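Starting from the known structure of chain A, fit chain B onto it as the hints suggest.
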Amino acid sequence: MSENILEVKNLSKSFQVGKNLYLKAVDDVSFTIKKGETLGLVGESGCGKTTCGRTVLKLYEPTAGEIKFNGVNIEKLKGKNMLNFKKNAQMIFQDPTSSLNPRMTIFEIIAEGLNVHFNLSKEEKNKMVKEILFQVGLSDSFGNRFAHELSGGQKQRVGIARSLIVNPELIVCDEPISALDVSIQAQIVNLLIKLQKEKNLTYLFISHDLSMVKHISDRIGVMYLGSIFELATSEELFNNTLNPYTKALLSAIPDAEPNADKNNDRIKIKGEVPSPINQPKGCKFSTRCEYATEECHKSRPELVEAKPGHFVACHNYKQFL
Amino acid sequence: MEKILSVENLRVSFNTYAGEVRAVRGVDFNLHAGETLAFVGESGCGKTVTAKAIMRLLKEDIADIKKDSKIIYKGKDVLKMSKKELQAYRGDEVGMIFQDPMSSLNPTMTCGNQIMESLILHRDLDKKEARQEALKMLKLVKIPDAEKRLDSYPHELSGGMRQRIMIAIALACNPSVLIADEPTTALDVTIQAQIMDLLNELKHELNMAIILVTHDLGVVANFADKIQVMYAGQVIERGTIDEIFSAPKHPYTWALLKSVPKLSNENKQELYALEGTPPDLILPLKHCPFAKRCKYGMKICHEIMPDATNMTGSHEVSCWLMHPDAPKIEADFHEEVK
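Those sequence lines, one after another, are chains A and B.
Numbering (our numbering) for the first sequence: 1 to 321.
Numbering (our numbering) for the second sequence: 1 to 338.
Just chain A, same shape as in the assembly (with noise of 0.2 Å):
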């Protein structure tokens, strides 16, 4: 568990969205992700989860920034290397049905990564799709049907099946259960960590579900306007939180448990999200924070340790410690 197998230092992509006019989707971000663990990237929509997620697997070209997988830097990778770390880096998609391919079966869409990177008999191909569905909980019968005939639950589980067969080592999970229902979604959340303890993955987990992302990762991230605003153990998380947006994140999560006191303790965050385009001077949230002094309209604050791996983003986490 001590080996970091992705470390991303200054990660930046900005999208070209008018002449001279840049989008910062992910803005200086830095994180590493230790073996065998899950961390949880959580956010608003637009706040640049997912180009982060995207950006590390090279799905998009990074603007400044370095991506070092397993300690080698995937920006300088070709040829082979690179066909090697698209098969042990893999991603599981937000939307199950838009993400397979409707005039494939089951069985093709499963086995295209096999194609790809292992030269394999049929009768090997047979067997290793079987198994992988089998492992993510459907009967090889689904083989033979189409993206169609399948409800939303198991299309994700293809859409799992898929990313695993390479057997990789990091998957980025983009919303992978935001699509499906309730019920569902537990079944889901189930496999992806009976998943991890067999196989001994890593997840990059990208959600915007607060109580599912506590519950399935080691560590998260939060994210806001593309930059990284914490960073702890879910535990510290949740029962220390250090920045302020992270607390009105947190006490917006309706838990569904009703309480007497109903509303009454949470924070209300007052207005939007800014754009993106035209980003606040100083500290990102200070347009919005309750706690903003001069200072956070000036510069902004630096990501640094406040305690033992528990990362901060703001001028006044002291007062919170």
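Calculated directly from the structure, the hints in this document are not laboratory data.
Treat the hints with care, as some may be off.
Using C-beta positions, here's what the derived DEER-type ranges look like [as the list claims (entries may be wrong)]: (1) B:D77 / A:K197: 53 to 63 Å; (2) B:M102 / A:P280: 21 to 31 Å; (3) A:S98 / B:D280: 19 to 29 Å.
Pairs of lysine-lysine, DSS-like flavour, derived with a Cα cap of 30 Å [said to hold, decoys possible]: (4) A:K24 / B:K148; (5) A:K307 / B:K127; (6) B:K139 / A:K270; (7) A:K194 / B:K292; (8) B:K127 / B:K139; (9) A:K199 / A:K68.
None of these values were measured; they are calculated from a predicted model.
Yeah, the Cβ is synthetic: ideal placement off N, Cα and C, and Gly gets one too.
This is chain B only, laid out in the frame that chain A set:
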């Protein structure tokens, strides 16, 4: 409390090539002024179809509302209303917020015009008065720069703002009932909290009744007064929020409550997952629809449909376990799963 809406034995079917899909199978409930009633259940359980039937929004050539169904609004049967009566009923008496704020607004009309539309139609206001009224509505739903936003098009606004516009449209004519079909599903948690607080405030201010359609038990726990749990087109349990969350009786309700991760849970503890999927709605289902997935299924569950058992005045359960001869089973809705 005054009863404003009652639904009796509502049955809706859709005729498809595969057969008759019985989406809603005998739903009844009463709605009183000033209360929030939540419809909870998995997708495909008939929540939205019920809501749309109340608004008479189902296309009549596809959806078949059975003859003996009744939707009584203030003494009048909605299903027998003429076109003219419906015009007055929709928007004026009952407002609806749709699930997806992105696709439910007209992209070619300014937000102001969309709010004014119903005001001009129902209230007989001229354009100027309607604009004033629309401005008031935008302020009520707390849109910053309300004046400017009147002339904005939906694509210029964020998801949370668009949802507020939808609420403003639905509330423009002061309806007595507001149907909110998954009002926050497409939104972020922080915005969700803002919108739900807003709805709660408006409910008290205008003494509206709200029907909240959702599958998010967290939202329900915080905002509803009464809950009806639906499964395969039927109401299987109903009660006040305390009854459902602290003393649920139906195994399906237990399963629903158990499958949500609590914030107090330990990390990576296995979540309770309900096996299987809901039944095919083409089947006639003469027995309990949940029987196949139910851990406590008895022989009778697979044969005869249970009647609703009245526990207390407001708490009703349709389950054979409630029968005096049934084995007594401990409710296990917050049992820790190892």
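Here is what the structure says about each hint:
For the hinted restraint 53 to 63 Å between D77 of chain B and K197 of chain A, the CB-CB distance of approximately 58 Å keeps it satisfied. The given range of 21 to 31 Å is respected by M102 of chain B and P280 of chain A, whose C-beta atoms sit roughly 26 Å from each other. Under the hint 19 to 29 Å, the C-beta atoms of S98 of chain A and D280 of chain B, about 24 Å apart, fit the expected range. Only pairs whose Cα atoms come within 30 Å are accepted, and K24 of chain A paired with K148 of chain B is accepted, the gap being roughly 27 Å.
For the suggested pair K307 of chain A and K127 of chain B, the alpha carbons sit about 61 Å apart, so the restraint of at most 30 Å is broken. Proposed proximity of K139 of chain B and K270 of chain A is supported: the alpha carbons are some 15 Å apart, at most 30 Å. Between the alpha carbons of K194 of chain A and K292 of chain B the distance comes to roughly 25 Å, so the proposed pair stays at or under 30 Å and holds. Restraint check for K127 of chain B and K139 of chain B: satisfied, since their Cα atoms lie roughly 18 Å apart, inside the 30 Å limit.
For the hint linking K199 of chain A to K68 of chain A, the alpha-carbon distance of about 22 Å falls within 30 Å, and the restraint holds.
Of the numbered hints given earlier, the model fails hint 5 alone.
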